[in-house]
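Trainee: Chain by chain, the residues run as shown.
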Amino acid sequence: MSGNTSSYIFSSIFVLIAHIGMLLNVYFNGNYDSLTQVIILSGAVIILDIAYFLAMLFFRQNTFTVDFLLILILNMSVIFQSCFGEVVFDYKHYITCIVALAACRGGYLLCRNHKWLGEKRKFFYIGILILMVVIVTLTGSRSMWISLGSITIQPSEFIKPLFILACATSITEQQKKHKILCFHIVYENIALFGLTAAICLLQWWCRDLGSLPTFVGIYVCGFLLRICYPKAKFSKKKLIGAGAALLAVAIVGMRFAPAYVQDRLHVDIWADKNGNGYQQSQALIAIANGGWFGKGPGHGELHNVFAHKNDIVFATICEEWGLLYALMMVLAILILIALPLINPPRSYFHGTMSAGISAAFTVQMALNIFGSCNLIPFTGVTIPFISTGGSSLMISGFMAGMLVACQSPVMRSPHLNEQPKQRRIYPQRRNAV
Amino acid sequence: MDSMNLILCAVAAASLDICVLVLILTAYHERTTGNKRWNRITSFMELADYNTVYPLGCDEILIGRHASADIRLADLSVSRYHAILTVSNGVWTITDAGSTSGILINGVPVSQAQLRENDIIKLGNRQLIFRRRRDISVR
Amino acid sequence: MKSIKRCQRVISLFIVAFILGMIVLVVKIQREASFYMINSDKLCLGMVYDKNGDVLFDGTGENEYPDGHFIDIGNLIGDDKGQMDNTLVAKNLKRLNNYSFTAGLKESGGKAAIYTTLDHTANRAVYDAFAGNDGCAVAYNYKTGEILVCTSLPSLDVTKGYDDIENFRSGTLISKNMYKTVPGSTQKVSTVIAALEIMGPNKLFSKRFNCTGSYHNKGGNDIDCHQSYGHGEQDIQQAVENSCNPFFAQLVEDDDFPLNKIKNVFNDMGYAINADEDDNYFDIDGIKCEKASTTLNDPYEFKTQWGCIGQGDTMVSPIQLMMWESAIANENGKMTMPYLIDHVTDVNGKEKDKAKTQTSDRIFTSDTASTVKEILLTNGQNHYAYSIPGYNIGVKSGTAQVFEGAQENSLLVGFVDDPSLPVAFCVVIENKNNTWITTDSIVKVMLDSLSRSNN
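Residue numbers (the numbering used here), protein chains in the order written: chain R, 106 to 538; chain Z, 83 to 221; chain A, 440 to 894.
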């Protein structure tokens, strides 16, 4: 934490103040029977804050802003989730948040050295393939869930960070061109395209149409960043052409989509507000009910609706905390994503990685928020960090860890490291011209 | 209750707002320290032409004639993608990226070489000097 | 470095796209929040007032009203119970709900209200004048478009609920003014308009046809006159005053009156000819009001001739009949569009949506309008000066045979030619042979009470 000690202390204090502000709101406006629940909630949130601030001392990073934002958002979500309907501390979500924080550390440690990661490329592919096989064989009857006793996990979530890593590339990799006939081809780009196609087909088969746009988003992002290198001339015309082709595929896909997808695409939720449109219409009514400032924590009605904690969580927050607050929550997540714009990554690999993460997060948020508000078809995806759900929260934490890694990279080649260090720089520099 | 709700909402929202603002400021502060740290990683080096200075801002730098190259040398003798500069452990390495005219370091043709201070790199007809940065005072 | 910049550009692309989406979302929620709220289980409706501040609907349910206070406008104003769709309240729930996105749903003390143009006193008087007979009456200011009277019998008192709904008489839950009915001889006004448009006044007034009580037309059918002895030879003015069917049958057969030109004029007037349009509606503050339809195939055909006389397939809504009167009375051939809502107030009491007078496109020429006006005024002076004294009115009566002739409805459409009382009206009494009530007595009550409240 060298050099920025004072700003880190300030950041910690203000994160605490933000949480205390929310907790005060819960205390004065909340709907609770006994004060114990509020005290437990406050204690848990503040202890987790302080514990994480202390834990951060043990990590040597260039930047800690991502961590501050992460703890800010995760504890916000703990408070949100504990207040739906009635103030009851949500242990399950609290524990998953801790898991997510641990996953964030793991993500950081794993991804900070891109040269090491670059050498382990094949494992990403193998990992994704294994997960795909797992999905095909283990998930029951074309669903996207695996149940292990009382826990259900969603393997497709785990593909996301691996896929982002597979899409990330360094410039050196992109220069390994091979000439086939008269085309210069980077084998990996072809492999990646195949992989994307395979994942999309699998998602289609599993009817997990919520994750499909996320993967497409990540791939589009990776594709945009990759095509600039293999061929020197990749003009804007071709890019626009590729975009148009993608759009055409999407339109054709929608046209020939299976019946249950078509149903979802053409739902007039108000005509069918007790059937297919129930969740969305209730969500919109709840948003309207909340107005700008909300009805107060615990005073909402939407907690009676299925999936109020994940699929339509934006509306639930809007109802209880107000649209203004929900927008600020979204803003906090957006700033987490936007941090690479302030603190640029120092390698192309990390740059493409953070672009992939931003694609994954924004697409998921867009699908969830716009879907629940009837701007686009409703799919059951989660908002990163806010929705409940073990797998999704853990993976979001891991991806946040990858963002940390992008800003605190280690520039060390795993091989050069083995050689004695003095040999090159100092003696040779004296001989220099 | 109504006005209380409003005030508390405003307080909570304002504290969140200020918190986000402070975090953005922290991020900007970190950028300064991040730049310093980056300078240490890169051993305070830069590339220079006779009239242009090319900072080395990331760990893989593509030199070439093409517009998408990080360091663009608009000269027909330079290949579109001529060479890649990489850094690890504070040492910069230049690697030929399949150029037609090759790389000469201090007049010696190489396909890959570690760079030392004040090396003269010749790419086609263009010459670059690899030197210590002059605009910063080394602390 | 360019390569890093490229990554940053992609990131900002995604973020900007998302923010744009959020902006669209917030704007959409802002604009549609009131609509979302009316789908909620809970509504906090405000009041509907008439033009003098009398309550026509009370959404709060807190106040007491005399028994039957709302009965004369029951099926026009309606309520939020979902039994009547095509009513003012049902169509304007959004404006009547005490809700705004900023203020939220106000359960008490909200000031959302609809101020209508109706005159409850006059409306009540007209309702009472029907003396329990079925029918409907509508009147509006043909200069501005304010609907002053709009009542339809049988009606209901919405405060009494719908427990007794099986025993409601047919037509209780709709305002008949909005729905098409057989116009009878009031259709002859349209035919005269068409004739004037096509031939011009000089030629039309030169046409004279003989009526012997029945006319054997060129298609081989008999067109009977209600006057079995016949009216003798008449011109158009006399035929209108006598409401002579054989005259009009011969007029339709006349070569100077080609059918395709009639079709054009009728089309401009809003008729759906030969049932080719399904959605032939006016929108009166959200309330759907049917226009008119008729069948015109062949000038020698029995059905077509009756179509121009006002029986057969011809159907016109009372409001449409009244609106044509406005185009005549204004002498410009443009209908004044009627409206019910003068203005509304939102939850904070802020006035908005003030109504403006609107006119239709020109449906016939000003010359035609003046000539028809003269014909109708003459008819009014000659035949109604006694029963509706004190007003310079232009009218046309009609008798419509419905249920295959088993029932006769009596209609009277017209207007008052008086700048201080610019009123156009249409009155329908169903099954007129069962009652001593006449349309002119109802019009008299209507005009008397309107002119009283005017002064």
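If you are wondering where the hints come from, they were derived from the structure by calculation, not from laboratory data.
Wrong hints could be hidden among the right ones.
As the list claims (entries may be wrong) - For lysine-lysine, the following DSS-like pairs were computed, each having C-alpha atoms within a straight-line distance of at most 27 Å: (1) R/Lys282 / A/Lys727; (2) A/Lys883 / A/Lys812; (3) A/Lys773 / R/Lys378; (4) A/Lys793 / R/Lys378; (5) A/Lys727 / A/Lys657.
As the list claims (entries may be wrong) - Have a look at the derived ranges for each label pair, beta carbon to beta carbon: (6) A/Val455 / R/Val204: 29 to 39 Å; (7) Z/Pro137 / R/Phe133: 51 to 61 Å; (8) R/Asp377 / A/Lys791: 27 to 37 Å; (9) A/Asp663 / R/Asp373: 32 to 42 Å; (10) R/Leu351 / A/Glu546: 25 to 35 Å; (11) R/Leu129 / Z/Thr134: 54 to 64 Å; (12) A/Asp792 / R/Ile155: 50 to 60 Å; (13) R/Lys197 / Z/Met86: 30 to 40 Å; (14) A/Val455 / R/Ile332: 14 to 24 Å; (15) Z/Gln209 / R/Val204: 31 to 41 Å; (16) R/Val357 / A/Arg448: 22 to 32 Å.
In this text the structure is predicted, and so the values were computed from the model without any measurement.
Every residue gets a Cβ at the ideal spot worked out from N, C-alpha and C, and that includes glycine.
Trainee: Hint by hint, say whether it matches the structure.
Mentor: How the hints compare with the structure:
no. : hint                            : verdict
1   : R/Lys282 / A/Lys727             : 69 Å, violated
2   : A/Lys883 / A/Lys812             : 20 Å, holds
3   : A/Lys773 / R/Lys378             : 42 Å, violated
4   : A/Lys793 / R/Lys378             : 33 Å, violated
5   : A/Lys727 / A/Lys657             : 40 Å, violated
6   : A/Val455 / R/Val204: 29 to 39 Å : 32 Å, holds
7   : Z/Pro137 / R/Phe133: 51 to 61 Å : 53 Å, holds
8   : R/Asp377 / A/Lys791: 27 to 37 Å : 32 Å, holds
9   : A/Asp663 / R/Asp373: 32 to 42 Å : 52 Å, violated
10  : R/Leu351 / A/Glu546: 25 to 35 Å : 50 Å, violated
11  : R/Leu129 / Z/Thr134: 54 to 64 Å : 57 Å, holds
12  : A/Asp792 / R/Ile155: 50 to 60 Å : 55 Å, holds
13  : R/Lys197 / Z/Met86: 30 to 40 Å  : 31 Å, holds
14  : A/Val455 / R/Ile332: 14 to 24 Å : 21 Å, holds
15  : Z/Gln209 / R/Val204: 31 to 41 Å : 56 Å, violated
16  : R/Val357 / A/Arg448: 22 to 32 Å : 29 Å, holds
Comparing the model with each earlier hint shows violations of hints 1, 3, 4, 5, 9, 10 and 15; every other hint is respected.
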